[in-house]
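K.L.:
Protein sequence lines correspond, in order, to chains R and L. Going by the working numbering, the letters in the first sequence line up with residues 1 to 480, in that order. Going by the working numbering, the letters in the second sequence line up with residues 1001 to 1244, in that order.
Be a bit skeptical, because a hint or two may be false.
[What the hints assert, rightly or not] With a cut-off of at most 30 Å between alpha-carbon atoms, the simulated DSBU-like pairs for lysine-lysine come out as follows:
{"#": "1", "chain 1": "L", "residue 1": "LYS1022", "chain 2": "L", "residue 2": "LYS1228"}
{"#": "2", "chain 1": "R", "residue 1": "LYS35", "chain 2": "R", "residue 2": "LYS174"}
{"#": "3", "chain 1": "R", "residue 1": "LYS266", "chain 2": "R", "residue 2": "LYS466"}
{"#": "4", "chain 1": "R", "residue 1": "LYS162", "chain 2": "R", "residue 2": "LYS76"}
{"#": "5", "chain 1": "R", "residue 1": "LYS466", "chain 2": "L", "residue 2": "LYS1022"}
{"#": "6", "chain 1": "L", "residue 1": "LYS1122", "chain 2": "L", "residue 2": "LYS1022"}
{"#": "7", "chain 1": "R", "residue 1": "LYS470", "chain 2": "L", "residue 2": "LYS1022"}
{"#": "8", "chain 1": "R", "residue 1": "LYS470", "chain 2": "L", "residue 2": "LYS1003"}
{"#": "9", "chain 1": "L", "residue 1": "LYS1003", "chain 2": "R", "residue 2": "LYS34"}
{"#": "10", "chain 1": "L", "residue 1": "LYS1224", "chain 2": "R", "residue 2": "LYS470"}
{"#": "11", "chain 1": "L", "residue 1": "LYS1022", "chain 2": "L", "residue 2": "LYS1157"}
{"#": "12", "chain 1": "R", "residue 1": "LYS23", "chain 2": "R", "residue 2": "LYS174"}
{"#": "13", "chain 1": "L", "residue 1": "LYS1228", "chain 2": "R", "residue 2": "LYS23"}
{"#": "14", "chain 1": "R", "residue 1": "LYS34", "chain 2": "R", "residue 2": "LYS172"}
{"#": "15", "chain 1": "L", "residue 1": "LYS1157", "chain 2": "L", "residue 2": "LYS1003"}
{"#": "16", "chain 1": "L", "residue 1": "LYS1022", "chain 2": "R", "residue 2": "LYS23"}
{"#": "17", "chain 1": "R", "residue 1": "LYS76", "chain 2": "R", "residue 2": "LYS283"}
{"#": "18", "chain 1": "R", "residue 1": "LYS191", "chain 2": "R", "residue 2": "LYS76"}
{"#": "19", "chain 1": "R", "residue 1": "LYS174", "chain 2": "R", "residue 2": "LYS191"}
{"#": "20", "chain 1": "R", "residue 1": "LYS23", "chain 2": "R", "residue 2": "LYS34"}
{"#": "21", "chain 1": "R", "residue 1": "LYS162", "chain 2": "R", "residue 2": "LYS172"}
{"#": "22", "chain 1": "R", "residue 1": "LYS34", "chain 2": "R", "residue 2": "LYS256"}
{"#": "23", "chain 1": "R", "residue 1": "LYS466", "chain 2": "L", "residue 2": "LYS1224"}
{"#": "24", "chain 1": "L", "residue 1": "LYS1224", "chain 2": "L", "residue 2": "LYS1003"}
[As the list claims (entries may be wrong)] Cβ-Cβ distance ranges computed for the label pairs, FRET-style:
{"#": "25", "chain 1": "L", "residue 1": "ARG1105", "chain 2": "R", "residue 2": "SER414", "range": "17 to 25 Å"}
{"#": "26", "chain 1": "R", "residue 1": "ARG433", "chain 2": "L", "residue 2": "VAL1225", "range": "15 to 23 Å"}
{"#": "27", "chain 1": "L", "residue 1": "ASN1226", "chain 2": "R", "residue 2": "PRO469", "range": "34 to 42 Å"}
{"#": "28", "chain 1": "L", "residue 1": "ARG1230", "chain 2": "R", "residue 2": "LEU432", "range": "22 to 30 Å"}
{"#": "29", "chain 1": "L", "residue 1": "ARG1105", "chain 2": "R", "residue 2": "ARG7", "range": "38 to 46 Å"}
Hints are computed from structural coordinates only; laboratory data are not their basis. Where a beta carbon is used, it is the ideal one built from N, C-alpha and C, also for glycine.
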Amino acid sequence: MTDQASRIDFRENSRNASPAVVKATQNSTRTALKKRADVVREFGEERWQELRRAGHEIRLHALTHLDRYLPMLEEKVTAAGGHVHWARDAEEARKIVLGLASQHGVRSIVKVKSMVSEEIDLNPALEAQGIRAYETDLGEFIVQLAGQRPSHITAPALHMTKEEIADLFREKLKIDARPIPEELTEQARQKLRPEFLNAQMGISGGNFLIAETGTLLIVTNEGNGRLSTSLPPVHVAVVGIEKVLPDWESAAVMLKLLARSVSGSKITAYNTFITGVRQGGPKEFHLVLLDNGRSRILADDVAREALMCIRCGACMNTCPVYNQVGGYAYGAVYQGPIGSMLTPLLLGTRIAGGLPFASTLCGACAELCPVMIPIPEILLHLRKRFVEGDLFEPPSVPTSLKALAGAGRFVLGSPALYRFGARLARALQTPLRRGDWLPSLPPPLNRWTSARPFPAFRGDFRHWWKNRPKTRPAKEASHE
Amino acid sequence: MEKVQLFVTCMGENLLPDVLEKMVLLLERLGVPCGFPENQTCCGQPFFNSGFQAEGRRMALGWMNAFADTEGYIVAPSGSCVEFVKHRYPRMFPEGSAEHERAVRLAGRVLEFSQYLVNVLKVTDVGAAFPHRVACHYPCHLTRGLGVRSEPLELLKAVRGLELVPFDESETCCGFGGIFSVVYPEVSKAMMEAKVRHVVESGVEAVVVSEPGCLVNIRGGLQKVNAKARAMHLIEILAEGGAA
């Protein structure tokens, strides 16, 4: 992700979105949202809002006190027999993991679904060293088999139908697969089971890090996280530095918020707590703490709240834009509203400056966000960065566009020119006008009329206001 | 009765003058004298939300100049423009500055039309009659931004003969989004088409869209498919029949 150099063209990507992907995406998100709404209703709307506020406070506190909690975490992990590594960027993180793999003669790895692993492009780096990495989350397994990327942060294969998955299994696994979810799951399980036993290393991300005891917390719904971090002799967890929480009380709040927001469950099926090296578990535990731009985001007092994200995916599920284009249109690891913030923050607005504009600012995301990230506010902040530049980046829009905006402001901002412009628009529209409508307009406004006609510039309210009968004392008028 | 100042909005003035005329007639019929600060143009939201924040601030200064010397509530047929003045203006200028103080004062005076009627005038029945099946779209900035959900419904429920029909995804964005509709026209179109489809499927004769931007978007979409359902501003419904 950090190595990406070319501009992400959301418009082009959205034009190429496959209707099948969009339809499957809509079906999945609708189900997830309904389950979420049901479980929140059962929890109680007021209690839920209290819990969100608590979640917000906890995450913001942790983020603004990393200087306290990260050293505490390191100390506790080390005391529990684990090793802590610090990775400045994706390349350093990959090097650390590859170094550990070569040190232990690793040929085969089982992996727990991890967005950070996608962010640092870990799998291609492992494959390049001849190391096989098996994704063990069912959705991620499917996506890996298809040679794709996840299209959603919690449901990587949500864009695929059971029929497509059965076809994929027949083709890649050479087995007789039918489009029956239970059977497909069992077939994936049969395929993966020996790999859990063969693997010399398990790699995971982490949902949270609990500073007071040095505990890594992983939630999964399939138990694959527990197997991958128990059976292989070495466990490496690559986790963003922003995932740290002060204590177990905070973790309890976050787990309640996360399970309900992701899938509408009261609790995720498997909550795995790993503190250093434990009896019967892997002989070595390595925690790679990844910065990769996060400390820079932290310095930005508006955008930093994006780092509070707990990767529940609710913002994507509810986003009307995401639901019309699917995850791939965002051209990056993180999609939907959270992606439209994180991608330009991580890669810069020169590459991803179009993403903050891929929103109508409708606010549906902020309404659901379990930690109350002010998403539209951060999108506006990034739009400004793209257009005007700020302390973090120079502007990326051409000066011609700026001149145009300045001219527009000059006309619209001057009462006399504004009134003149309105009269001019009414005069100029005549050849294009068909009744009450302007069916097509010249560029760039044809972008509007390609979808629906534009209403004709009509009447003149100011004229009407001046010339209406002035004898309108309220009382009389009300008896008309 | 205290005078209200009309905040006609640039879209309202140029594209929906009939809505404005009906708003004035309705307010006057309810005994509310109206003022019209003639130097008002655009509140600056299109600039600010497109990333041109400096231009947006200059527009805001102009808007504040137009309204600063007036008195009474400032009432607009738009939740989006009201929300911008109410929530954004005070944050545009540093605390302690004269501009900030002025923005805070004005922010306390702006109200969307249905808010003014229901919460200030305490009127829900304006004597309108509209014997038709009607759906209500919830514009994003009005609903989520200003938190106005019940006011339009209370007004609609008091309209004679009007049957309020629920429709699918009534709180989902229609795809207008200001600059969004021009930057990403294909996505905007897909969102608008989904909205139009839900309106048509509900079988209503009219859909209430009390937001100029969304109204222009949805009305155009319905026109494009020759739907029998009409998109109407709440004000247009309240001006129908009865005592209007």
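K.L.:
Give me the numbers of the hints this structure contradicts, sorted from smallest to largest.
P.N.:
2, 3, 4, 9, 10, 14, 16, 18, 23 and 24
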